[in-house]
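S.K.: Those sequence lines, one after another, are chains A and B. To convert, take the position in the first sequence, counting from 1, and add 23; that gives our numbering. To convert, take the position in the second sequence, counting from 1, and add 15; that gives our numbering.
Each hint should be verified, as a subset may be incorrect.
DSS-like, lysine-lysine: derived pairs with alpha carbons at most 25 Å apart [to be verified]:
(1) A:Lys267 - A:Lys206
(2) A:Lys310 - A:Lys267
(3) B:Lys31 - A:Lys106
(4) B:Lys31 - A:Lys109
(5) A:Lys206 - A:Lys109
(6) A:Lys309 - A:Lys206
Label pairs and their in silico Cβ distance ranges [claimed, not checked]:
(7) A:Asp180 - B:Asp142: 36 to 46 Å
(8) A:Asp59 - B:Pro202: 50 to 60 Å
(9) B:Ser199 - A:Gly108: 17 to 27 Å
(10) B:Val57 - A:Lys272: 54 to 64 Å
(11) A:Leu214 - B:Ala209: 24 to 34 Å
Derived coverage of chain A by chain B (criterion: at least 3 residues anywhere in the stretch with Cβ under 8 Å from a Cβ of chain B; other residues may be distant) [stated by the list, open to error]:
(12) 85–91
(13) 94–104
(14) 122–132
(15) 292–302
If you are wondering where the hints come from, they were derived from the structure by calculation, not from laboratory data. Cβ atoms here follow ideal geometry from the backbone N, Cα and C, with glycine treated the same way.
Here is how the chains run, residue by residue.
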Amino acid sequence: MTEIPKEEYVLKCTSACAGCPSSLILRYVLKAAGPDTVLVVPACCTSVIQGIFPSTALNVPVYNVAFAAAAACASGMSEALQKAGKKTNVIVYAGDGGTVDIGIQALSGAFERETDFLYICYDNEAYGNTGMQRSGSTPVGARTTTTPGGKIHAKKDLDAIVAAHNPPYLATACAAYPQDLFKKVVKALSLRGSKFIHVLAPCPPGWRFSSEMTIEMGKLAVKSGMWILYEREFGKVTINGPSKAAMIKPVPLEEYLSGQGRFKGIDRKAFDALKSQAQLRAEHLKKEADGLC
Amino acid sequence: MLTVATGNKAVAAAVKEVRPQVIAAYPITPQTEIVEQIAEYVASGELDSRYIPVESEHSAMAACIGAGITGARTFTATSSHGLLYMHEMVNWAAGARLPIVMANVNRAIGPGWNVWAEHTDAFQERDTGWLQVYVSTVQEAYDATIMAFRIAEHEDVLLPVMVNLDGFLLSHSMQSLETITPGSFVPPLHLPHAIDISNPAGYGTLTGPDEHFRFRWEIEQSMRKSVRVIAETEQDFAERFGRNYGVAEEYRYEDADVVVIAMGTLGKEAEVAVDLLRNEGVNAGSLRIRWLRPFPELDLSGRDIVVIDRDYSFGFGGILAHSLMARSRIEPYSVIAGLGGQEVTFDDIAGFVRDRKPGREFWFGVNGNV
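Okay, chain B solo, but in the shape it has when bound (with noise of 0.2 Å):
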């Protein structure tokens, strides 16, 4: 069906197709249209969930890892200091193997008190064990949320998914939004480890180094083996509902000399800066990194890249920047833009390019204005 929807209620939408068992939620800016529609689906009995209205987002994502143990579905949302003060159960959940599914409303951290959008909230959750993937859009909010549930699900993967959209620039957007049914496309979950009454068994018992390493390695290779599970879901969607995404998202990629890679709705701003850029006679390209975890592996050889990140590493640098310099070895023009939902445009975006000094950092609006 075709309707318009925000990033939010895109979000809330695709929850209701899954169906969990169990939700539980607590709201903070700029999240809470998703669990006002979800409490909204469940009250109308358009949702047969059970909502939990739980007094902290700690015990948020303690109550999905009470209710994921029993082999229930469940899902939460958050942004910002909620995932943060969440942060240990965020571990745990990991670290339980439970698939449990959160949209991250992408949100600046404080003090001061800043609700727009920025990546540091999730980027500070990445060496959690949890799959993250990052829209652009309301429909692919919608798309990734449902094929959340599949990967996390997976026999092979058995992790957690986060998936993280643009405070206000994604969340509170209106566009035009295609609803489906999954159907099978979503199977039930099965969790191998669920609590079973006629076999007790102790989680999450006083557990040695060599156990210990043993479930950190296994995490790992879960982690690697998604890498897989996510191609297939993503084709699999491909082919039922007709729409295609991938890790990352390329734009005139093929021949160009510069790439501008960024994640999430500054992703989508960069495609403009390209066909402006082309019309102009500069031979650029973009990519959206779309999955941060597992990270991407890609060959960037042979072209400038301009990396704009949505966050900082203090003391380091822009951790996109970083973790491509590492994993495909470039030297990147690195832009540290959009912290605290600072206005990025197309033309910024353009004007990062044409000033790109390569191996570089630049903070956009504090280093001088492009």
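For reference, chain A alone in the conformation it holds in the complex (with noise of 0.2 Å):
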């Protein structure tokens, strides 16, 4: 069992919403990368979690910059600090907005540069900060308010995008599984090199579900095959072992849809498309885990 430190850097009485997948997920990435960090966030629910001028409840300095430069704004942070001398961590802690829709091109070129960082997207897949609009990384079928009828769309591939830079390092996490995350940001931080992980964070307000399900929807998502874990070192595909049982024996999908307003009323043709995408997607991570592509 990995020994996660008692130190918190998420002090109590943030500005999150009960049941936050956010904050839990900073917390842990907090816990792996220690007291000699700084957080880059963009405009996110993050901007809000983290309190009001002048308190913070962030125990480490936090540098909050606006929407689309949060990548690039860590690149001249990592720069300085390494011509300082220093081994200060710089870790991106973005939202799926900042990341795959309005922060896209500062991460390509952050990436494009091997800038030495973490980039850490919290994944609750719609604009969170802003009310629950739909983001590029809303999943079809999904009700946001402004995808009233449900997104047409699928879900953008961040990861493939990600992937295509070849970093030393990419994973897939979830808040459900902070012991997994805790583990997969300590070995990012051991590599130098731009660094991506990527965690669901099913939201409670937004999915509208109840704030005490939090950890089970995320284990649904994962169970489901709807999110699936794994990393990518150096290029080589290792699929996790929550992840693997799933891709065995999944819980239908049903169950992970059926606990979340966002999703209710799904027509026949959404609902196939979401499974065939995830059904797709473990297919491929699968060939490249087992080396056949």
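Combine the two chains into a complex, taking the hints into account.
M.R.: Put into structure tokens, the structure is as follows:
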């Protein structure tokens, strides 16, 4: 069993919603990273969660920056710290909007330049901070405030985009598996270059489920195969335990969807699309893990 | 050392002397030579900076901000569309109180594509909290860039400074250049609010109206204090290196009955026009405004004023003319000239003076030929 430090860097009295996965993920990210860490946060829920000036609920320096600018800001920070001979971790902590949509250009640039930093995208599959509008990361069929009839387009394959930059380390994680997340952050920070962790963040108000169900919803996402836990180290794919089990015997997709208000009344076409996208993703990753492609 | 250089090369040479720890930039015509030359300096080891070849201007300024908040000295350069693309981060840099220095090679804004000189690009950034200086010679581009770091980093200022030079007219003009070794003239940067791991703080967190208001007032106070810091810096520069500038450069100004006011290279061209007019018996002088922000307080009373704007605010007028009307309570003859690199000679400027109609606005080359 991994020893998780007792030190807390997400202090009490955040402004997070009840059952918030974002503050939970960040709690384990910072436990793994330790105090010699600077966080770069673009506009996202964490802009709010950390509290109101002059207070802060985060016990590491946090640089809040404009929506599209996180990875570029981290580039400058990383270079300057290296120039000053410091080994401080530079971690971007960004939502899906700031990553897959408005921030993707800066993300791509920073990864192409092999910036020494860790980019973490916590993905609640919509623009949560502004009231759950669709993002490029919203899955097909999900209702958001700008897709009241359900989203007609598929979730953008962010991991494939990042993988195309050949980073030394890319992993997915989920708020419901904090030990797994912790280990991945530790591993990422042990490597030089641009590292990426994509963390699913089941969002009670956004996905419309009860706030005590966050962990359960995250587990269902993994067990149903809708979210696959894996690592890509120097290109080599390893599917992690819970997802390996899910690939053998998945929980029916209906079980994952039925607990969420955003999928209420999802039509057959969208349901089938969700299912086939998940299957394709699993098959492809499995082939990669088996060294077949 | 006496040499010959373009405006762009002079800016790069000045940057080499002040040794920023981090330089992040994206190339754009007509600024490219600055980033190419700096990349060359870094590659050859002449300049020990981290050079980040970012993928956009928005990222260039974001990278300077990220580097700057660690306490590093930073520099970038851009022009026109690049400047407008980074507009959000231009605001951010000033709000974050980071003494970033940026060279902006003034160029028109599309459409259509036009790569020639115009001041509207930088004028659109005038309300962002950046200090802005406009230069007229290669030597001045060099000197102003060096001074920009000291002014920006002064504890009473801690605001970014933009050094503006006219696209092609100056960026690509070869003139003589005397380089210097600034030494103690530019002391090491001490950023009081730099990130400190042992004292974690939140930067740019959610801020209510009262605090926001206070932060904006502090920027305005620093802007006002910068007037003194600029004067002291330019005086010290003059004492050490022998070249004197000031918020505005006067030419045969004292006894002039009519004064041409312009910025950048047009301000220098106006001096030739003044000589021409004086030979004709017209008591002309000129005033080249150097600092757009902080905007100078000038006593222009009792003279005819001709303001030449290489910029325009649609539905309003020449931005320099209207700024002077508001600040100095004058009724100038407002000439809009030189947009998109339109050629404006000393003969043309002399014509503006001869045909001046105080209180009127004239678009050179459109409202008739002078």
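S.K.: Taking the numbered hints from earlier one at a time, note which ones the structure violates and give those numbers from smallest to largest.
M.R.: 8, 15
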